[in-house]
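Chemist: Each chain, written out:
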Amino acid sequence: MWKLQMIGAAILLLGMLYIVRLVRKRKMELKYALPWLAVSFAALIVDCFPKLLSVLADLLGIATPVNALYLVAFLFSVCLLFALTVIVSRQSERIKQLVQSAALSEERVKRLEAELMGKACDMEKEMQGKETAESAGCMRDMQAADDTEGMKNERT
Amino acid sequence: MKSLVMIPAYNEEQNIEKTVQDIQKNAPDFDYIIINDCSQDHTLELCAQKGLHVLNLPVNLGIGGAVQTGYRYAAQNGYDVAVQFDGDGQHDAAYLADMRKKLVDEELDMVIGSRFLLHEGFQSSGARRMGIRYFTGLIRFSTGKKITDPTSGMRMANRSVIETFAENYPKDYPEPESVVCLLRRGRRVGEAPVKMRERENGKSSISFTKSIYYMCKVTFAILIENMRRY
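Just so you know, the sequences run in chain order A and B.
Positions in the first sequence are counted from 1; adding 52 to them yields my numbering.
Positions in the second sequence are counted from 1; adding 56 to them yields my numbering.
The set of hints was computed from the structure by calculation and includes no laboratory data.
The C-beta atom is built at its ideal place from N, Cα and C for all residues, glycine as well.
Incorrect hints may appear among the rest.
[Stated by the list, open to error] Label pairs and their computed distance ranges (CB to CB):
#	chain 1	residue 1	chain 2	residue 2	range
1	A	Ala85	B	Cys272	30 to 40 Å
2	A	Arg163	B	Lys266	44 to 54 Å
3	B	Asp228	A	Ala166	52 to 62 Å
4	B	Arg244	A	Gly67	40 to 50 Å
5	A	Pro87	B	Leu173	51 to 61 Å
6	B	Lys202	A	Leu111	52 to 62 Å
7	A	Pro87	B	Met57	46 to 56 Å
8	B	Gln80	A	Pro87	55 to 65 Å
9	B	Asp228	A	Pro87	23 to 33 Å
10	A	Ala166	B	Lys266	55 to 65 Å
11	B	Met186	A	Gly113	44 to 54 Å
12	B	Thr275	A	Val138	18 to 28 Å
13	A	Ala166	B	Ala150	23 to 33 Å
[Stated by the list, open to error] Listed below are several chain A residues computed to face chain B (Cβ distance under 10 Å; list not exhaustive):
#	residue
14	Arg142
15	Glu145
16	Lys148
17	Leu156
With these hints in hand, go ahead and build the complete structure from the sequences.
Modeler: Here's what the structure looks like:
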């Protein structure tokens with residue numbers, strides 16, 4: 053009896069340590085880790101004081117304590133799954149909006165770039181009209197546009 | 057009147073250029089924008105090569121998300137009219153001017169291109185027509201309005217509907233649900249007769265096995281839409 057309780061407590065403690073480690077490494081958000089820590093803690097208490105289960109079973113009118121445990125565990129699982137489904141729905145809506153915004157921005161950048169390039173070329177042509185000698189013209193402007201783009205990319 | 061044709065495209069390398077040519081030839085005062093929904097084929101490369109206007113979604117969003125991108129583009133760029141137009145060669149740009157005339161003359165908020173007003177052109181298969189009739193009945197039952205072709209992907213919206221859809225649009229199988237959404241908000245929806253062609257290349261997005269799920273999902277969507285308050 054004692055042996056099983058010790059093993060249970062060890063597993064629970066290890067599990068909690070693992071969760072904390074994940075949070076520390078930022079692989080799990082604390083917000084989503086909290087329910088798991090809470091349920092691990094509750095299980096640890098039940099593990100230390102098994103009498104609590106009998107009390108609970110009596111309160112709920114369940115014949116065997118272990119069935120009370122199953123009921124509680126099942127309810128917790130369902131609640132958690134439901135919460136996750138809600139979270140997934142919200143994430144998917146947000147991802148959709150972000151993807152759309154990215155596509156719209158990309159198109160806008162390309163359109164403005166083309167417009168800018170066109171204006172630069174026009175100005176270059178006007179200059180050429182006055183000076184006549186230069187032939188590199190537009191190519192130089194395109195090079196300049198590429199350079200600024202490169203700088204932007206480096207910054208991000 | 058600034059008008060936009062929105063062409064959602066998923067793996068349409070064989071059809072997309074023809075579709076754009078059709079619009080440029082038969083509806084020359086409409087601008088167009090292709091929404092490439094992360095195609096696996098060379099749709100995007102083809103668009104770049106031919107210099108077609110394209111919005112490129114970096115992640116596949118499905119038809120609803122793609123079309124909504126078009127509505128957001130129309131809203132951002134000040135379009136008065138925006139029309140959904142399939143990229144697979146099913147729709148005929150020659151009808152766009154008529155649809156817009158109806159939209160403006162009758163002061164409608166949306167005009168749907170319906171295959172079943174004149175019963176001309178490709179009429180879809182028998183089983184599909186049954187499904188479409190079912191939705192017609194369901195929409196009539198819940199909103200009192202008869203829409204003969206609620207699954208038609210050829211639909212034209214005015215500015216107010218553009219703004220509504222830019223903000224909120226169903227994700228998958230959006231056509232019947234979005235019509236109910238408009239009717240529930242008290243918008244005026246009408247239909248204009250169009251002929252559609254049988255698609256030349258590529259498959260319909262809805263296979264036979266998916267159709268059961270489609271019917272159930274859209275039915276629930278319409279029922280829930282009817283529970284929303286505006």
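Chemist: A separate judgement is required for each hint: does it hold in the structure or not?
Modeler: Tested hints:
no. : hint                            : result
1   : A/Ala85 x B/Cys272: 30 to 40 Å  : 37 Å, holds
2   : A/Arg163 x B/Lys266: 44 to 54 Å : 37 Å, violated
3   : B/Asp228 x A/Ala166: 52 to 62 Å : 34 Å, violated
4   : B/Arg244 x A/Gly67: 40 to 50 Å  : 60 Å, violated
5   : A/Pro87 x B/Leu173: 51 to 61 Å  : 56 Å, holds
6   : B/Lys202 x A/Leu111: 52 to 62 Å : 59 Å, holds
7   : A/Pro87 x B/Met57: 46 to 56 Å   : 55 Å, holds
8   : B/Gln80 x A/Pro87: 55 to 65 Å   : 57 Å, holds
9   : B/Asp228 x A/Pro87: 23 to 33 Å  : 31 Å, holds
10  : A/Ala166 x B/Lys266: 55 to 65 Å : 40 Å, violated
11  : B/Met186 x A/Gly113: 44 to 54 Å : 53 Å, holds
12  : B/Thr275 x A/Val138: 18 to 28 Å : 23 Å, holds
13  : A/Ala166 x B/Ala150: 23 to 33 Å : 30 Å, holds
14  : Arg142                          : 13 Å, violated
15  : Glu145                          : 8 Å, holds
16  : Lys148                          : 5 Å, holds
17  : Leu156                          : 6 Å, holds
Going through the hint list in order, the structure does not satisfy hints 2, 3, 4, 10 and 14.
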